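Next come the chains, spelled out residue by residue.
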Amino acid sequence: MMENFDVIIVGAGIVGLSTAWRAARAGARVLVLDKGPTAYEASSRATGYLSLRGETPEESPLAQAAERLWDGLDEELGYPTEWTQKGRLWAAITPQAFDALQITFQSFQRTGIPFEFIDAKTCRELIPALTPHTLGGIHTPRAGHANPQRTSQAFAWAFQDLGGEIREYTPVLDLLTRGGRISGVRTPWGEIHAGSVVLCAAAHNAALLAPLGIDFPVAPVRLEAFVTAPLPPLFDQAFIAHGLAIRQTRRGNIHVNGGPHEWTAAGVATEMPKPTTPLVRNIARRLFEVFPTLRHAQMLRSWAGIIDVTPDQITIVHAFDAPKGLIAASSAGHGFGMSPSLGLALADLALQGRTDMPVASLSLARFADLPQDWRRIWNWQPGSYNT
Amino acid sequence: MIPPRRITVVGASRLGCKFASRAARAGHAVTLIDEHPQSLARMSYDAPYFYGTALPAALTNENAIAQVVLESNPALAECFEAGVDLRLGAVAWGAFQNGPNARHIGIPKVGLIEGTGNSLVEHDVLALATGMRDFVPAFAGSNLPGVFGVKAGVAFLDLYQCYEGERTLVLGTSARAVDFVRRAVARGIGIVGMVEPGPGFTAGPEAAAEIAALGIPVHRTSTLVSAEGRTAVERASLRPVTGGGDLVLDCDTICIAIGVLPNIELPAAMGCRLRFDAGAGSWLPETDLTGRTSLPDVFWLSDFAAGEAALAPALAAIAEAGPTGRLIPPPETATGQGAYLRFWIQTMRDAGGDAVTLCKCEDISRADFLGLAPPPYLNGGLRHPHSPVTGTGGTAPRIQQDLLKRMTRVGMGHCQGKRCRDEAALLLSLRFGIGMEEIRPGSYRFPVRPVDLAAIAAEDDTHDTREKWSYWLHEPEAMQSRPDGVP
Numbered sequence: 011m012m013e014n015f016d017v018i019i020v021g022a023g024i025v026g027l028s029t030a031w032r033a034a035r036a037g038a039r040v041l042v043l044d045k046g047p048t049a050y051e052a053s054s055r056a057t058g059y060l061s062l063r064g065e066t067p068e069e070s071p072l073a074q075a076a077e078r079l080w081d082g083l084d085e086e087l088g089y090p091t092e093w094t095q096k097g098r099l100w101a102a103i104t105p106q107a108f109d110a111l112q113i114t115f116q117s118f119q120r121t122g123i124p125f126e127f128i129d130a131k132t133c134r135e136l137i138p139a140l141t142p143h144t145l146g147g148i149h150t151p152r153a154g155h156a157n158p159q160r161t162s163q164a165f166a167w168a169f170q171d172l173g174g175e176i177r178e179y180t181p182v183l184d185l186l187t188r189g190g191r192i193s194g195v196r197t198p199w200g201e202i203h204a205g206s207v208v209l210c211a212a213a214h215n216a217a218l219l220a221p222l223g224i225d226f227p228v229a230p231v232r233l234e235a236f237v238t239a240p241l242p243p244l245f246d247q248a249f250i251a252h253g254l255a256i257r258q259t260r261r262g263n264i265h266v267n268g269g270p271h272e273w274t275a276a277g278v279a280t281e282m283p284k285p286t287t288p289l290v291r292n293i294a295r296r297l298f299e300v301f302p303t304l305r306h307a308q309m310l311r312s313w314a315g316i317i318d319v320t321p322d323q324i325t326i327v328h329a330f331d332a333p334k335g336l337i338a339a340s341s342a343g344h345g346f347g348m349s350p351s352l353g354l355a356l357a358d359l360a361l362q363g364r365t366d367m368p369v370a371s372l373s374l375a376r377f378a379d380l381p382q383d384w385r386r387i388w389n390w391q392p393g394s395y396n397t
Numbered sequence: 185m186i187p188p189r190r191i192t193v194v195g196a197s198r199l200g201c202k203f204a205s206r207a208a209r210a211g212h213a214v215t216l217i218d219e220h221p222q223s224l225a226r227m228s229y230d231a232p233y234f235y236g237t238a239l240p241a242a243l244t245n246e247n248a249i250a251q252v253v254l255e256s257n258p259a260l261a262e263c264f265e266a267g268v269d270l271r272l273g274a275v276a277w278g279a280f281q282n283g284p285n286a287r288h289i290g291i292p293k294v295g296l297i298e299g300t301g302n303s304l305v306e307h308d309v310l311a312l313a314t315g316m317r318d319f320v321p322a323f324a325g326s327n328l329p330g331v332f333g334v335k336a337g338v339a340f341l342d343l344y345q346c347y348e349g350e351r352t353l354v355l356g357t358s359a360r361a362v363d364f365v366r367r368a369v370a371r372g373i374g375i376v377g378m379v380e381p382g383p384g385f386t387a388g389p390e391a392a393a394e395i396a397a398l399g400i401p402v403h404r405t406s407t408l409v410s411a412e413g414r415t416a417v418e419r420a421s422l423r424p425v426t427g428g429g430d431l432v433l434d435c436d437t438i439c440i441a442i443g444v445l446p447n448i449e450l451p452a453a454m455g456c457r458l459r460f461d462a463g464a465g466s467w468l469p470e471t472d473l474t475g476r477t478s479l480p481d482v483f484w485l486s487d488f489a490a491g492e493a494a495l496a497p498a499l500a501a502i503a504e505a506g507p508t509g510r511l512i513p514p515p516e517t518a519t520g521q522g523a524y525l526r527f528w529i530q531t532m533r534d535a536g537g538d539a540v541t542l543c544k545c546e547d548i549s550r551a552d553f554l555g556l557a558p559p560p561y562l563n564g565g566l567r568h569p570h571s572p573v574t575g576t577g578g579t580a581p582r583i584q585q586d587l588l589k590r591m592t593r594v595g596m597g598h599c600q601g602k603r604c605r606d607e608a609a610l611l612l613s614l615r616f617g618i619g620m621e622e623i624r625p626g627s628y629r630f631p632v633r634p635v636d637l638a639a640i641a642a643e644d645d646t647h648d649t650r651e652k653w654s655y656w657l658h659e660p661e662a663m664q665s666r667p668d669g670v671p
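Chains as they are written, first to last, in my numbering: chain P, 11 to 397; chain S, 185 to 671.
Calculated from the structure, these hints are not laboratory results.
Everything numeric in this text was worked out from a predicted model, so none of it was measured.
Think of the CB as a built atom: it goes at the ideal place given N, C-alpha and C, for glycine as much as any other residue.
A couple of the hints might just be wrong.
What the hints assert, rightly or not - FRET-style restraints, in silico, Cβ to Cβ:
#1 L222/P / R287/S: 24 to 34 Å
#2 E621/S / Q119/P: 53 to 63 Å
#3 D322/P / T646/S: 24 to 34 Å
#4 L183/P / L562/S: 48 to 58 Å
#5 A261/S / L183/P: 36 to 46 Å
Claimed, not checked - Chain P regions said to be covered by chain S (calculated; three or more residues, Cβ under 8 Å):
#6 42–56
#7 367–378
Stated by the list, open to error - Just some of the chain P residues that point at chain S, by a computed CB distance under 7 Å:
#8 G88
#9 W93
#10 R261
#11 H271
#12 A279
#13 L304
#14 M309
With the hints as extra help, turn the sequences into a complete structure.
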């Protein structure tokens, strides 16, 4: 039996699911395929921040578009995301970090986003539990955070409510083309056809595109995180200090990640091992250096996640001319926050071939001069540590 | 002659002690880690999970506990004599070795927390003898003081000698339940009855006759509906599994002796391949007859695998370093426990209904779990109902227990799922008619029990964890040094 869809989305992560929901809402017949379960990779392991990308003007407009969409998302999807719009704070607790933060602030001022450099007293008024060593910070009342697992599943369920189908444990092995157009995908159980295929499979995108002679520059990297047992409310901003992203979940757990990373490899069809390491011990100490009150909080569980990083750490959104109908995205580690606008852009591109979302500067064109062996040159190869 | 190797054994269980002392006598450098005797602080975290919610007053004397724990385990004394490095009262919270996507661990190591601080203990070979724990299903009133598991009950009676019950109701008729009854009767404790959902007596006719001779009533084809009491257990309600009126029994303690499950947290979180063992009713690490797991130089020693028969072959196999080939598995566990646990849960659910709290940590009912309802702090339901069955079968799982964990928070609480995860899987299997082996178990994570940040925090920084600490791949120009004055 020949299966036919309007759009096939490869990858049931948060970007693929957001794209699927948008496309289904526009009336398309959409199929989502994944090599494993829904939202089982970075999408459910993320920090859960919407960053406004102040430091990267190329993708900041897409992040700000996401921010507008986030505000109505719970109501639109019909499932809670735990979206908490209470601003973002970067704090410095060492003199060196304070100097570095002032340089960061200068780059932030080139955006239209309201950032303010605040003194230590103001930082500790915003978050009283902060260490007395706090020296100052950058604050914006915008941006926020949400629950990555709940948000990914909210997209999945909202998509299914529109009749959309997600097939788990169905890896895409090859892309099919006919007459300069994409025509579908091949899975272990046969071919599935569609007029448009959107690749949202993180680093697996590269392996799928390579046989078409397309170089998709992403490198997977493993990062680590942990949560504490639930605590009474301490703060509700998206917070960054001391090399850590720290947020308190709606349930009360302190969620923290940061630190050295390890470059990894990605195949097409296999689930990537995501081991944790003794690094959580170092994260733990840094956490209570920032929040002395957490010294005797309980570490409850740790995990690792693998994100796909692009050479300039900026999102890729690319609609190919050849084969036509093929679109690929990499969110460069910012996919959680960007997912609402990124999904809208990708759905537009899949259905209409164009979009009003600000993605023009995010295409692969910017890598025209990238040397083929960029991962080797930068030492971003599998097994490289903290490079 | 085997060249001596550094062997870390986790768990001073019977198998752990025997293996450690034999390995030491064979010339290896052996470290044996066990969390008992536990510090009071840690025990009080542990207590609700295995000992029920009331800690007998006798357990508040830490020195006395330490002494009885050591004196009651001659196998430990044997280890001591054999020259084993004993690390007691220590938590092995994680174990790490190089593998795919983590190639910078260096020498394999165990994360250890002791009263004196924390460290990473290096080894060539890791033997996990982490024992087993009580299967403690939920029922109305199951969080009242006086409800405990059978292993805890035996520890109260014989190890700590501080049993506080006088009229105990025993759930189950297994050999373990009968053993508990014998020990309790020997200490003059009244057993008000035993409860058995089936028509027979699991431990066999001889044991049934022994119980009858003691004058202990066995309530066959009955299940537990609830425990009641104001501040502790005062009564229990039983109901015939075929329907009919409840029988109310006066009792002050309820010993759950339905079954025991292996503690697989460490091997599972390390990434050892698991298989579902229908006989045991549990996922187990895949092992061969020597106890070797799918990970190089990691052995799992358990009565749920080859048990004592694995000890000698395991000692011989230690000489063969390197990756594991195809495992010739030990036979499936033939106890029939899997079917027994299932029958208990089925009858308790039929009798108690789905309003019963399944996850005590997060206070989630069976109904909210099965219906994927958002947890109470979100104050709301789902726009449309959704099923946890997301797979169509074949080689792929049909249910991801992680989806239920994430959406309902069952298994996400302070006990890390140790009380609820197995019952939760059984409920899914019963409710959706899906085999246990088709339910992918929720992921296991380090630390394998909750630990204080201050206790686990590293003092041994490297260049990568201090000067080159990065945030989201960026090396922040200078976040390196510690804030002034931080010790």
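query = Which hint numbers does the structure go against, in order from smallest to largest?
reply = 4, 5, 7, 9 and 12
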